[in-house]
Amino acid sequence: MIRPTLALFVRALREDNRAKFPTIIRTVAVLFLLLLVWMNESDFAHNTAPGLALLTMIAMVNFFGLTITGIGMFCSAITEEKEDGTLSLLRMTRLNPLAIVLGKSTARLTSGLLFIAVQIPFTVLCIALGGTSFAQIFKVYAILGAYLFFLCNLGLLWSVLSRRTSRAVGMTLLTLALIYVLPFILYFSTGGFLFGMRAALTPLQQLQSRLVGANPFFDLISTVVPFWGFPFAADSIAPSLMGGLVCFLIAWAVFDRFSSEAATTRSPRKPGSRKRRFPRPWRLAIAWKDFQFGLGGKRGILIRLIIYAALLAGILGWIHHFNHLSQRDVGGAISTVAVMIFSVELGILASRIFGTERKRKTLGSLYVLPSSTASLIGQKILGTVLTFIPCLVLWIAGQMILDASPHTEHFALRWSEVSSALALALSRYIVFAVLVAYLSLRMRKGALLIGLLAIFLELIITNIVLFRFVFGRQIILNGNDWQTAISHLQLTVAAILLVTSLVLALLIPRRLAICAAED
Amino acid sequence: MDHVIDIRNLRHAYKNHVAVQDITFTVAARSIHGFVGPNGAGKTTTLKILATLLKPQNGRIGIFGQDIVGMRNFVRRKIGYMPDHFSMYRQMTVFEYLDFFGAAYGLGQLQRDKVIADVLALTDMAGRKDDFIQGLSRGMQQRVSLARVLVHDPELLLLDEPASGLDPRARIELMEILQELRRLGKTIFISSHILSELAELCDAVTILDRGTVKYTGSMRGLIASDGAESACLLTLTAGHPPALDALRALPGIKTVTPGAESPAEIALTFEKEHLSPNAILTAAISAGAQVVSFTEDVKHLNQAFMDLTEPGVRT
Chain A
9 MIRPTLALFV
19 RALREDNRAK
29 FPTIIRTVAV
39 LFLLLLVWMN
49 ESDFAHNTAP
59 GLALLTMIAM
69 VNFFGLTITG
79 IGMFCSAITE
89 EKEDGTLSLL
99 RMTRLNPLAI
109 VLGKSTARLT
119 SGLLFIAVQI
129 PFTVLCIALG
139 GTSFAQIFKV
149 YAILGAYLFF
159 LCNLGLLWSV
169 LSRRTSRAVG
179 MTLLTLALIY
189 VLPFILYFST
199 GGFLFGMRAA
209 LTPLQQLQSR
219 LVGANPFFDL
229 ISTVVPFWGF
239 PFAADSIAPS
249 LMGGLVCFLI
259 AWAVFDRFSS
269 EAATTRSPRK
279 PGSRKRRFPR
289 PWRLAIAWKD
299 FQFGLGGKRG
309 ILIRLIIYAA
319 LLAGILGWIH
329 HFNHLSQRDV
339 GGAISTVAVM
349 IFSVELGILA
359 SRIFGTERKR
369 KTLGSLYVLP
379 SSTASLIGQK
389 ILGTVLTFIP
399 CLVLWIAGQM
409 ILDASPHTEH
419 FALRWSEVSS
429 ALALALSRYI
439 VFAVLVAYLS
449 LRMRKGALLI
459 GLLAIFLELI
469 ITNIVLFRFV
479 FGRQIILNGN
489 DWQTAISHLQ
499 LTVAAILLVT
509 SLVLALLIPR
519 RLAICAAED
Chain B
-2 MDHVIDIRNL
8 RHAYKNHVAV
18 QDITFTVAAR
28 SIHGFVGPNG
38 AGKTTTLKIL
48 ATLLKPQNGR
58 IGIFGQDIVG
68 MRNFVRRKIG
78 YMPDHFSMYR
88 QMTVFEYLDF
98 FGAAYGLGQL
108 QRDKVIADVL
118 ALTDMAGRKD
128 DFIQGLSRGM
138 QQRVSLARVL
148 VHDPELLLLD
158 EPASGLDPRA
168 RIELMEILQE
178 LRRLGKTIFI
188 SSHILSELAE
198 LCDAVTILDR
208 GTVKYTGSMR
218 GLIASDGAES
228 ACLLTLTAGH
238 PPALDALRAL
248 PGIKTVTPGA
258 ESPAEIALTF
268 EKEHLSPNAI
278 LTAAISAGAQ
288 VVSFTEDVKH
298 LNQAFMDLTE
308 PGVRT
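Residue numbers (the numbering used here), protein chains in the order written: chain A, 9 to 527; chain B, -2 to 312.
The set of hints was computed from the structure by calculation and includes no laboratory data. Hints are supplied without guarantee of correctness; some may be wrong.
[Stated by the list, open to error] Here are the simulated BS3-like cross-link-like pairs (lysine-lysine), alpha carbons at most 30 Å apart as the crow flies:
# : chain 1 : residue 1 : chain 2 : residue 2
1 : B       : Lys126    : B       : Lys211
2 : A       : Lys369    : B       : Lys111
3 : A       : Lys367    : B       : Lys52
[What the hints assert, rightly or not] Label pairs and their calculated CB-CB ranges:
#  : chain 1 : residue 1 : chain 2 : residue 2 : range
4  : A       : Arg218    : B       : Asp81     : 57 to 65 Å
5  : B       : Arg8      : A       : Ala27     : 32 to 40 Å
6  : A       : Arg307    : B       : Gly105    : 44 to 52 Å
7  : B       : Asp64     : A       : Met68     : 55 to 63 Å
8  : A       : Ile397    : B       : Glu197    : 55 to 63 Å
9  : A       : Ile522    : B       : Val288    : 28 to 36 Å
10 : A       : Thr183    : B       : Asn13     : 42 to 50 Å
11 : B       : Asp64     : A       : Ile522    : 19 to 27 Å
12 : B       : Asn6      : A       : Ala125    : 37 to 45 Å
13 : B       : Arg27     : A       : Ala27     : 25 to 33 Å
14 : B       : Ala123    : A       : Arg307    : 51 to 59 Å
15 : B       : Gly105    : A       : Gly304    : 23 to 31 Å
[Claimed, not checked] Over 10 Å on every C-beta distance to chain B, these chain A residues come out as not near it, computed from the model:
#  : residue
16 : Leu169
17 : Leu253
18 : Ile294
19 : Leu374
20 : Tyr437
21 : Ala524
Think of the CB as a built atom: it goes at the ideal place given N, C-alpha and C, for glycine as much as any other residue.
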């Protein structure tokens, strides 16, 4: 009984042991830790608790890094078998649902836990640096481990329920947002800080407090900087473990129902099952195809615009009910949400622009059209860019509200100060989009994930270099002209990112030709 | 224009693996030219080079007299390439799919309407034009794929194993469509790893093995080149001993073997130099036998293929 149950798990562990990539990733993690220590070296002399500062940084980097990689790793546990059509073959063997679910998820979890474990001996350096204790370090890793366990099983659950990895990733992100982000927004927007001072809380307020308290992010902050003193009891380990276990049990219970041949293959659509006809192709046919079939064409734009606007109006209205929002708050919130939605859509569309053609093996039939590669790429970009219209409309609406607010002059005065930061942010978006598009031509899966990780690493390194290392020295060398120094540094990084984008963009046509020939 | 395709000393390698080595052959206009070889012989590489998906590393390739590298867009307008797998936008309907490719080739809306109606009629898909591609059977998808190739009215069709994975009925129907296309003046260059599949369809054939051309020329020439012996199967209305005697008496006959269970089916082998199939048929009829059918043995083509290609898997 136990042998077939563990068969997949053992195989996955063996593969992990033989593969070079996980070892490289773990080595990179350790080197990154040492880099953090080296970068913090300049702070040691004038920091009362350099060990604690380092531990805080390690905890935050791990939390966000694990979230990004974890979602990518765990959400494909079962869907990759469904996409390859091998799940039914697995089910024909002696492997029972428990063996499959356990084997496909636990090996990945083990790999993730090893990633954390390998850091512990080096993180103990924080004690030698001062300001932290072993108990704090242990708790940080316990929180991260429990969070990873929850993430693994949540990803597994959506992987069982979904037909495609992209859907599993989307639903996992949505669930995480509902569990962690939404209660946090509601908690603070409705005066959550005051809850602790009240004698009696409503059941909704109690639920909000508990959900915010169970957020591992706040638990990590409470652990590494306890003097910040959150008003709620932050203990995420037990809720994370319980949540993970519940997700695993549900995944196991529903596995049979969602892994049958009928559930894993999409039933053919009947003639006329689509209610509308798409307009006839434009002269730029490839742009038309990507626009219509990417995110739904004009109707898709309208629907998304209505959904985004309705959600924003609902949330802002709800917050306004508890805390009065100024015109500037509303304008700022709309613009910020527009940028956030744009970031998500940019990532998805950048991974799809060539990735979908590559998966469907349709690049070859596009490549033999009598037009240049530049025209092909240009049309695909045009078809994709048009789908950003809802974000643009939202952002313009937010800006118009901001402009009409009484604090606009004050904001306009600060424009010169933020221009270099804006240039850096824009170049970061460009390099991210180009990198993901390029990676989607190099790998069949995980382009978006690796693109996100690359930007995440760039963010950390740039910020450490900018704000801790170079920036600190600039102040020492140039006196107090810190604004000019930081602006120059931001523009330098922006220029480096743009050059990187250009190099990657120049590599795309050649890669496209190779992929078209491979199809 | 005598030759639509003119390949001279083509060589292409993937890193250390030489896919095609110094191959030379031509394809005549308005013909169906088979391109046959075992798996890994280099057929798909050659077809991808012809379709402008790969650049030839050595040698010269002309299509309609134009260099394939220098005149890429001209060549692309003249060819219709169908790969060996289904690469389709399955969320589209048949009409949307063809309409998209028509527009991508620069056809106006009215022209597209007419062309799409024509190609749907030719491929017998007119009744399914509003169906989603995703819901079509493999044979139907192959027809849509062929319709897509025809939508810009190319003069040369490059078809990479179009019958692969189709059931016998779909194969026969596909071959009928190809014959109709030949009648319409198209040149068809079709690859397969089964020679007998193309035997009745093709005017000429090129056999490729391990990246080199083993034979190029007419189909009849291939049969003639296959050693000194030939074989055929003669079917009579009933067993007829006098006919057997007459056949055995023919000069150049090697064996005359009536079927053990059905004596009316007679397998014959003969020397091609001394005896023609016509003489065999005449002898049987003269002896008073009533002939139901007379076929050259299919195994003969397969044997020719086996003789030309080397055993084992290419490494």
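Structure-based check of each hint:
Only pairs whose Cα atoms come within 30 Å are accepted, and B/Lys126 paired with B/Lys211 is rejected, the gap being roughly 43 Å. Only pairs whose Cα atoms come within 30 Å are accepted, and A/Lys369 paired with B/Lys111 is accepted, the gap being roughly 28 Å. In summary, the hint linking A/Lys367 to B/Lys52 is supported, as the alpha carbons are separated by about 23 Å, within the 30 Å threshold. The hint said 57 to 65 Å for the Cβ distance between A/Arg218 and B/Asp81, and at roughly 58 Å that hint holds.
For B/Arg8 and A/Ala27, the Cβ-Cβ distance of about 36 Å falls inside the hinted range of 32 to 40 Å, so the restraint holds. Between A/Arg307 and B/Gly105, the C-beta spacing of about 26 Å breaks the proposed range 44 to 52 Å. Taken as a hint, the range 55 to 63 Å holds for the pair B/Asp64 and A/Met68, whose Cβ atoms sit roughly 60 Å apart. Under the hint 55 to 63 Å, the C-beta atoms of A/Ile397 and B/Glu197, about 56 Å apart, fit the expected range.
Taken as a hint, the range 28 to 36 Å is violated for the pair A/Ile522 and B/Val288, whose Cβ atoms sit roughly 58 Å apart. The hint said 42 to 50 Å for the Cβ distance between A/Thr183 and B/Asn13, and at roughly 49 Å that hint holds. Between B/Asp64 and A/Ile522 the beta carbon distance is about 22 Å. The supplied range of 19 to 27 Å therefore holds. Our hint of 37 to 45 Å for B/Asn6 and A/Ala125 is violated, since their Cβ atoms are close to 60 Å apart.
Separation of B/Arg27 from A/Ala27 is about 55 Å and departs from the stated range, judged on CB atoms against 25 to 33 Å. Checked against the hint of 51 to 59 Å, the C-beta distance between B/Ala123 and A/Arg307 comes to roughly 29 Å, which is inconsistent with it. A hinted range of 23 to 31 Å holds for the C-beta pair B/Gly105 and A/Gly304, which are about 26 Å apart. Its beta-carbon lying about 22 Å from the closest one in chain B, A/Leu169 satisfies the requirement of being farther than 10 Å from that chain.
Annotated as non-interface, A/Leu253 keeps its C-beta farther than 10 Å from every C-beta of chain B; the closest such distance is 39 Å. Distance check for A/Ile294 against chain B: the nearest CB is about 6 Å away, which does not clear 10 Å, and the non-interface claim fails. Non-interface status of A/Leu374 relative to chain B is broken: a Cβ of that chain comes within 10 Å, the nearest being about 8 Å off. The non-interface label for A/Tyr437 is consistent with chain B: the shortest C-beta to C-beta separation is roughly 29 Å, beyond 10 Å.
Distance to chain B contradicts A/Ala524 as a non-interface residue, since its nearest Cβ pair spans about 6 Å, not more than 10 Å.
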